[in-house]
Amino acid sequence: MQKWKKMLAIIGIIGVLAAGAVVLYVYLKPHRDVAKEKAVQLTAQALFDAFKTNETEANAKYLDKAIELNGEVADITKNQEGRTVVNFKTNDPLFVINCTFKEDPGVLQPGQTITFKGICTGYIPDMNIVINEGVLVK
Amino acid sequence: MKFVYVFLTGILLLGTQAEAQKVFGTRNGKISFISPTDEDVKATNNEVASRLADNGQITFSALIKGFKFRYAEMQEHFNDQYLESNKFPRADFKGNIVNLKDVNFTKDGTYKVTVKGDLTMHGVTKNLTANGTIEIKGGKPVASCKFVILMKDFNVDASSITEKVNVEVNCAFQ
Chain A
685 MQKWKKMLAI IGIIGVLAAG AVVLYVYLKP HRDVAKEKAV QLTAQALFDA FKTNETEANA
745 KYLDKAIELN GEVADITKNQ EGRTVVNFKT NDPLFVINCT FKEDPGVLQP GQTITFKGIC
805 TGYIPDMNIV INEGVLVK
Chain B
28 MKFVYVFLTG ILLLGTQAEA QKVFGTRNGK ISFISPTDED VKATNNEVAS RLADNGQITF
88 SALIKGFKFR YAEMQEHFND QYLESNKFPR ADFKGNIVNL KDVNFTKDGT YKVTVKGDLT
148 MHGVTKNLTA NGTIEIKGGK PVASCKFVIL MKDFNVDASS ITEKVNVEVN CAFQ
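Just so you know, the protein sequences line up as chains A and B, in that order. My numbering numbers the first residue of the first sequence as 685 and each following residue consecutively. My numbering numbers the first residue of the second sequence as 28 and each following residue consecutively.
None of these hints come from the bench; they were simulated from the model. Be careful, since some hints might not be right.
Stated by the list, open to error - Non-contacting residues of chain B with respect to chain A, defined by C-beta distances greater than 10 Å in every case (computed):
| # | residue |
| --- | --- |
| 1 | Q84 |
| 2 | L90 |
| 3 | Y98 |
| 4 | T147 |
| 5 | E190 |
Claimed, not checked - Which residues of chain A face chain B? A few of them, derived with a C-beta cut under 7 Å, are:
| # | residue |
| --- | --- |
| 6 | W688 |
| 7 | V710 |
| 8 | H715 |
| 9 | T740 |
| 10 | N743 |
| 11 | N763 |
| 12 | Q764 |
| 13 | V769 |
Beta carbons: idealized from backbone N, C-alpha and C, even for Gly.
Chain A with its partners taken away, still in its complex shape (with noise of 0.2 Å):
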């Protein structure tokens, strides 16, 4: 009897244990750090050219992957939660790389070509193509 109660012990015990892992693993994963990833180098205008011309095949190319982007800053200005924004010209003066900082970059002019490491979330005919949680590499 009493060992009977010892190993239902400590069956729920391992129980707790490993309902605790999994709750944790859900809250504590860390989002992506894009600064320690290795990012495919490509200036603006080639991102655009790779969507412009065929959208499905550069989705499967870039989205959601580390992008170090190299090209004009056509303005900078805020979204609505005050990160900083930099808008990259492409040959299509309509057109921008929209890319959001995920710490400030400090002073940055327009007409300054800069580079620029994010994560690609996709594009958006006739706007834009969006890269987010970014850092300025140079």
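Starting from the structure of chain A, add chain B where the hints point.
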């Protein structure tokens, strides 16, 4: 002769009207949603592309991968299991302000609006009507509205998590 005159005036009027149409836009509007049954199930997208024309046309596009959750694990499930964002990367809304005559785009103020249109998400297009406001401030509009999305309407099987989400849109136009 009189006919020609009327005709020309008509063309001129049409011309000025076409020119007078104004389109406001933003690439960084905000859409967030929350489950009414589990407040951990919430996410925000700050890269909503939207256009609003003073003829009442309104469009919104949000990339599914742009929705940020507090918990990375939930974000992953949302993308891979529920919304299948590799297959359906974007949600698009195209609609019109039903009561356009109640809105004066040239006068500052807050106007109640009803918007009706089609929302395409997860490969499904559904008609949607939402109530909201357009606030004109310094000549620039801010559009906001709230509506409910039933997951099963868009073929999303998330019944173990939530049956529906409350969606909030807030776009400050340039």
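How the hints compare with the structure:
1. No Cβ of chain A comes within 10 Å of the Cβ of Q84 (chain B); the nearest lies about 14 Å off, and the non-interface call holds.
2. The Cβ of L90 (chain B) does not lie farther than 10 Å from every Cβ of chain A; its closest approach is about 4 Å, which violates its non-interface assignment.
3. Against the 10 Å criterion, Y98 (chain B) falls within the reach of chain A, whose nearest CB is about 6 Å from its own CB.
4. No Cβ of chain A approaches the Cβ of T147 (chain B) within 10 Å, the least distance being about 13 Å, so the stated non-interface status holds.
5. No Cβ of chain A comes within 10 Å of the Cβ of E190 (chain B); the nearest lies about 20 Å off, and the non-interface call holds.
6. Interface hint at W688 (chain A): violated, since its Cβ lies 35 Å from the closest Cβ of chain B, which is beyond the 7 Å cut-off.
7. Interface hint status for V710 (chain A): upheld, as the beta-carbon distance to the closest one in chain B is roughly 5 Å, under 7 Å.
8. For H715 (chain A), the interface hint holds, the least distance from its beta-carbon to any beta-carbon of chain B being 5 Å, beneath 7 Å.
9. Hint status for T740 (chain A) relative to chain B: violated, with the closest Cβ pair at about 10 Å, above 7 Å.
10. Below 7 Å, beta-carbon pairs count as interface contacts, and N743 (chain A) has one with chain B at about 6 Å; its hint therefore holds.
11. Given the 7 Å rule on beta carbons, the hint for N763 (chain A) holds: about 4 Å separates it from the nearest Cβ of chain B.
12. Satisfaction of the interface hint for Q764 (chain A) is found here, the shortest Cβ-Cβ separation to chain B being roughly 5 Å, below the 7 Å cut-off.
13. Evaluation of the V769 (chain A) hint against chain B yields a held restraint, the C-beta minimum of about 6 Å falling below 7 Å.
The structure does not agree with the numbered hints 2, 3, 6, 9 stated previously, though it agrees with the rest.
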